[in-house]
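S.K.: Both chains are given apart, each in its own frame, so use the hints to dock them into the complex.
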Amino acid sequence: MSEAKHSQPGPPLWLLAELTYECPLHCPYCSNPVNLGSREQECDTDTWLRVLSEARAMGAVQLGFSGGEPLLRKDLEVLVKHASDLGFYTNLITSGIGLTEKRIAALREAGLDHIQLSFQAANADANDLIGNKRHSFEQKLKVAKLVKQYEYPMVLNFCLTAQNIDQIDDVMALSCELDGDYVELATVQYYGWAYLNRDHLLPAKAQLEAAEAKVNAFRAQQQGKSPHFIFVTPDYYEDRPKACMNGWATTFLTVTPDGSALPCHSAKILPLTFPNVKNKSIKAIWREDFSFNHFRGTDWLPSPCKTCDEKEKDFGGCRCQAYMLTGDMYKTDPVCSKSPDHSLMAQAVKNSESPSRELVYRDPKVSIPITEI
Amino acid sequence: MNELSDSLSGKVPKLNRLFKFQFEPAQDCYVLLFPEGMVKLNPSASEILLQVNGERTISDIIDALLTKFPDAEGLGEDVFAFFEHAEEKRWINYV
Ligand code: SF4
Ligand code: SF4
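Protein sequence lines, in the order shown, are assigned to chains Y and U.
So in this note's numbering, spot 50 of the first sequence is number 50, and the numbers just go up one at a time.
Position in the second sequence (from 1) plus 373 gives the number in this note's numbering.
Next up, chain U with everything else stripped away, as it sits in the complex (with noise of 0.2 angstroms):
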């Protein structure tokens, strides 16, 4: 385990009240919703914030996407790398 995965994995993420994350069917996507602003997500990122329920720790999130995604080769280092890209883009705080 590295760094940022050390003082990470315990944590447990929840979307910062300033953002709505829901799916565009226009868009075919998910969305993160904010005012006056709108952020087109990845597939993985989508996957990621639907586990983000403010009872998860981070590496509940990767358990229970390694049960849904067993063949994604490198998920956990993913998981941590967007943890840390949402909190810096305001997207997610910690409980």
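Excised from the complex, chain Y in its bound form (with noise of 0.2 angstroms):
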């Protein structure tokens, strides 16, 4: 019987909590869920205090603090404080808006180990015009220099779409002078509000590969030296699929404003009830509840997943993807050739070529008519 089998999974190693999904940004390729929580049911200190004790006394390790914008949180000082002390490696995921420098030392006096600083460009015209504010770019770099002042590690973080991708080499440049220890370059995961875009952010072919190479030429003169380039492509073009977070509940556990918890940032968009963090327990949730134990393992997956020998290294791919896109989530995902839907994958592609749709941003005033088509 799977419940048994399943009954000592591994432990949630990363989890990710998100405080809340306010944000000063309004990033067309924003991945947050598109009917947007308000902030009166975001969950209060003292649960999120319980839930990253509950965490880590599985097993978790690393930890993120992200949103929306988590230093829109008051109380972050005190839950990064709280993490430390239980031995947490703590990241923050943050646009940088709002991070004073009094804040930045009371985050280093609180414990915080790391911070992941998010650009949309690397000039202030696009940049601002990207997150959709003014003077955005402006008080990044500004965030930059206060991060690697307070000599916390800095990972930036660079989101390509087709409108920026073409400006790489600005993009690393502006790595090595802000001097990044890592510097993710990661093209768009198309869910939630980029899934609505997606036919304008997808980058051509030839972009992706253009963009590649001169990654690798920028990487092949450094000789090991700062910042470490890692660059993330999409798999619209590929034909197997990524495993969906390492294995659907397998090392993962986010957990969003309103206390849900999640085996990736976007299954919420699936038709499967999750439980939540405000009436159960991190342990009762990760072990034991449906949602996490539908997707574990290979046991349920689908023809031809289920007799193909590559099962154990993606697990059928994402659901979220294949629920996106074929309207059915246990389907496999069809960026794998040898899933009966393939064909999507092409017909995303040749969409993006001329797009359909104006290109909308994150914004609450007009999440509200789309959730409503």
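Computed footprint of chain U on chain Y; a stretch qualifies when at least three of its residues, placed anywhere within it, have a C-beta under 8 angstroms from a C-beta of chain U: (1) 55-64; (2) 83-96; (3) 109-119; (4) 149-160.
In silico EDC-like links for lysine to aspartate or glutamate, alpha-carbon gap of 16 angstroms or less: (5) K148(Y) - E177(Y); (6) K393(U) - D85(Y); (7) K102(Y) - D75(Y); (8) K148(Y) - D179(Y); (9) K393(U) - E151(Y); (10) K387(U) - E428(U); (11) K242(Y) - E310(Y); (12) K145(Y) - D179(Y); (13) K225(Y) - E461(U); (14) K278(Y) - D46(Y); (15) K225(Y) - E460(U); (16) K268(Y) - D328(Y).
Sample of chain Y residues lacking proximity to chain U, with all beta carbon distances greater than 10 angstroms (derived): (17) V78; (18) Y237; (19) I269; (20) T307.
To be clear, the hints were calculated from the coordinates, so they are not data collected in a lab.
Ideal Cβ positions, reconstructed from N, Cα and C, are used throughout, including at glycine.
M.R.: Printed below as a string of structure tokens:
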């Protein structure tokens, strides 16, 4: 019986605490849900403190504070302090907007281990246009300097889209200038807001290849010096899917602002009922909850995955992608060339050559009509 | 002494500030933590890193380990090989 088999899954090594959906920026590629929750439903400080203790007791070790913009939570320092006392490696994933020197110092004092700063582009005009907020680029540059000054490891994250990927040389030059330790050059994942905008955002295959070649050339002359560039490609042009978060409910646990516990940060779109940390312990959620056990392992796999010799590698791919593209979360991820729905990928690429709707910014005002369509 | 040990033994390794070294009860082993990642260490790597304090030279570290594990064979070579690997992985740098 599958329940017995899953009674002792490994620990949720990675906990992503999405503290709030509120964000001063409005990126069209935001992977947050389209129907943004309200601040009143956000978990209170005590709930978060308990979640951190329970997850750590189970063996969680990496902790990401994200959002929206986690800096908008006034109790961030309290949560970081608690996490750090528990022995977590604490990561702050931020747009940098609102990160004053006072706060950087207070977070250091609280034990924060690392800051990941996201950029929308390598120059002010493009950056502020994409994030839909003026002067945000200037602020980010200031924040990057402070992060270094306070001796945090700094990861820079650039979200690559069809609009900015051709400027990858500028992105790499800026990363060196800011002295980032790691730089993630990530093409957007098409969930939530980003899916609505997929046709606009997806870079063409030629653009991706050109960008990757530039990154490789740059790396070759770096001779092992910082920053360490990580180039993440979208799987739209691949013929094998990525394993969803290292396998459903094997490693990652996301807790959303309202307390929903998810095996991956976009899973809320799936027609499954997810548990809530406000009324269930992390242990019960991770080990016993129906939704967490539902896609664990390989027993549930559809054909052609069931008999495929690669099933231990990718577990049939991403459930959210299967659901978004085929309407059925039980299907093989259509990225796989063995999937009967694989032609949907070519269709998506074709659509991106002539997008049919306007680019939609993440904005609570527009979020209402869109969810009602 | 070969070339590798010649060039390394007087050096003083210290943990790269990007990494945090700690014992994880749930994994029952020492780990290195870094932004959004973790490396599990085997017992010998852990013993070596426990000796790294930014003051001891590699030959001091070998002496300390030899006192602790007098029967370990080829310990010196293992330690040099570890530091070569650790530098490549950026876990440590030299003072
Ligand atoms: S993607 Fe943009 S809008 Fe969405 S949370 Fe991140 S910074 Fe905010
Ligand atoms: S058929 Fe399924 S298991 Fe096999 S490679 Fe494709 S997605 Fe992976």
